[in-house]
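Q: Sequence:
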Amino acid sequence: MPERDVVSWTALFSGLVNEGYGYDVLDLYCSMKKDGVLPNGHCLVTALKACSLSLDLFFGTLLHGEGVKVGVLLDVFVGSSLVDLYAKCGQMELAERVFLFMDKKNVVSWNALLNGYALKGDAGKILNLFQGMTESELRCSKFTLSNVLKSCTYLVNLTWGLIAHSLVIKTGCEHDEFVGCCLLDMYSKCGLAEDTLKVFKRIQEPNIVAWSAMIDCLDEQGQIQEAAELFSLMRCKGVSPNQHTFASIAGVAANLGDRLYCEGVHACILKHGFESEIILSNALIAMYMKIRSVQNGWQVFKEMSFWNSTSWNSLLSGSHNGKTCDRGPSIFHKMLAEGFKPDICTFTSILRSCSNLLNINLDIKCMPI
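So for the sequence shown, full-length UniProt numbering puts the first residue at 1; every next one is plus one.
What the hints contain is simulated information worked out from the structure, not anything from laboratory work.
Predicted, not measured: the structure shown is a model, and the values here were computed from it.
A virtual CB, placed ideally from N, CA and C, is assigned to each residue, including glycine.
Incorrect hints may have been included.
[Unchecked claim] List of simulated lysine-lysine pairs, BS3-like, C-alpha gap at most 27 angstroms:
1. Lys302 / Lys334
2. Lys125 / Lys150
3. Lys49 / Lys125
4. Lys237 / Lys201
5. Lys105 / Lys125
6. Lys125 / Lys69
7. Lys105 / Lys69
8. Lys150 / Lys198
9. Lys104 / Lys142
10. Lys189 / Lys201
11. Lys49 / Lys33
12. Lys88 / Lys105
13. Lys104 / Lys189
14. Lys105 / Lys120
15. Lys290 / Lys271
16. Lys290 / Lys189
17. Lys189 / Lys142
18. Lys189 / Lys120
19. Lys170 / Lys201
20. Lys88 / Lys125
21. Lys120 / Lys69
22. Lys150 / Lys88
23. Lys120 / Lys150
24. Lys170 / Lys198
25. Lys125 / Lys170
26. Lys104 / Lys125
27. Lys88 / Lys33
28. Lys88 / Lys49
29. Lys334 / Lys271
30. Lys69 / Lys33
31. Lys120 / Lys49
32. Lys290 / Lys341
33. Lys104 / Lys170
34. Lys334 / Lys290
35. Lys69 / Lys142
36. Lys88 / Lys69
[As the list claims (entries may be wrong)] Estimated spans, in silico, between C-beta atoms of each pair:
37. Ser355 / His272: 25 to 33 angstroms
38. Phe101 / Leu351: 29 to 37 angstroms
39. Arg97 / Ser355: 55 to 63 angstroms
40. Lys237 / Gly264: 49 to 57 angstroms
Please model the entire structure based on the sequences and the hints provided.
A: Structural data, given as structure tokens:
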């Protein structure tokens, strides 16, 4: 092009940002400046997106200065992009300062700040912001409501969870898969199995995350038979279980105490090719030990390519009853010999084992937990 103005440069930046080439945009921005072309608001927004993409805080602060210089800092899109950049770079104080400076705020501005606090895990701050957002009468997006529901789950805050749910209905995203899963988690964490089931039934095509969350909820509420039935229904619907689902159903099987069902779960895990996953191997050991099928538990342990502390603790959990408590001390010593550090679960299991043995001669030295 013989002449390139800010519009043509911005069009190029926008295309590169959409393809994920953040660093290239920043290099080209410098070339644009050398050509004597001044940025406008739209150009700065695109360049700030490139900074967010590449997490380049230094260049972002330079663009912040450019915004002040060309007088576009009060533009809601420039402000929102700055909030997003600072939030993604973990600079929440700067993000909030820009946010408060903005005359007008849109959903993007609020979401950028909410996302920053979500990345930091500050659930309390998210709920405070959500309260301010509802007072401003802005329409919440699915993204906003998902973050708020996750915070309600973390804080076990049913009051704000119900408010968020009412807005989910109002905005028409109740049937959205992701929002539905967040609602499931929230009601489950608050101990409301009936409400969790109602939400689950409203999801038109629940994915594996939704099925797993519902199974977890029923298990946590002691509805073991219902959890097992739901797992069967899930498989009939053609939904393939993932690692999390299998770990959950192994716990359900252990609580059912049905040896044949437990062996069926084990066979299903093998069929899906998850036998090498340490999380599932540990879950299977714990399952077999709980139903006192010690031989099967030991077999799973022996077939593992490597162990962690949970593997040993799962094995030790089967040394509490009278028939196998004599194995506890030897398992404990083998664990130490392999270089694993015992934790509170280890000591609880070995002490119960020794108590059943009436063995007071085992010398357990004080170790950091």
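Q: Give a verdict on every hint.
A: Hint check results:
no. : hint                                : in the structure
1   : Lys302 / Lys334                     : holds, 13 angstroms
2   : Lys125 / Lys150                     : holds, 12 angstroms
3   : Lys49 / Lys125                      : holds, 24 angstroms
4   : Lys237 / Lys201                     : holds, 14 angstroms
5   : Lys105 / Lys125                     : holds, 18 angstroms
6   : Lys125 / Lys69                      : violated, 32 angstroms
7   : Lys105 / Lys69                      : holds, 21 angstroms
8   : Lys150 / Lys198                     : holds, 19 angstroms
9   : Lys104 / Lys142                     : holds, 21 angstroms
10  : Lys189 / Lys201                     : holds, 18 angstroms
11  : Lys49 / Lys33                       : holds, 18 angstroms
12  : Lys88 / Lys105                      : holds, 18 angstroms
13  : Lys104 / Lys189                     : violated, 36 angstroms
14  : Lys105 / Lys120                     : holds, 22 angstroms
15  : Lys290 / Lys271                     : holds, 23 angstroms
16  : Lys290 / Lys189                     : holds, 25 angstroms
17  : Lys189 / Lys142                     : holds, 20 angstroms
18  : Lys189 / Lys120                     : holds, 21 angstroms
19  : Lys170 / Lys201                     : holds, 18 angstroms
20  : Lys88 / Lys125                      : holds, 16 angstroms
21  : Lys120 / Lys69                      : violated, 32 angstroms
22  : Lys150 / Lys88                      : holds, 18 angstroms
23  : Lys120 / Lys150                     : holds, 13 angstroms
24  : Lys170 / Lys198                     : holds, 17 angstroms
25  : Lys125 / Lys170                     : holds, 24 angstroms
26  : Lys104 / Lys125                     : holds, 21 angstroms
27  : Lys88 / Lys33                       : holds, 26 angstroms
28  : Lys88 / Lys49                       : holds, 11 angstroms
29  : Lys334 / Lys271                     : violated, 31 angstroms
30  : Lys69 / Lys33                       : holds, 14 angstroms
31  : Lys120 / Lys49                      : holds, 20 angstroms
32  : Lys290 / Lys341                     : holds, 23 angstroms
33  : Lys104 / Lys170                     : holds, 24 angstroms
34  : Lys334 / Lys290                     : holds, 21 angstroms
35  : Lys69 / Lys142                      : violated, 35 angstroms
36  : Lys88 / Lys69                       : holds, 24 angstroms
37  : Ser355 / His272: 25 to 33 angstroms : violated, 39 angstroms
38  : Phe101 / Leu351: 29 to 37 angstroms : violated, 59 angstroms
39  : Arg97 / Ser355: 55 to 63 angstroms  : holds, 59 angstroms
40  : Lys237 / Gly264: 49 to 57 angstroms : violated, 18 angstroms
When each numbered hint is compared with the structure, violations occur for hints 6, 13, 21, 29, 35, 37, 38 and 40.
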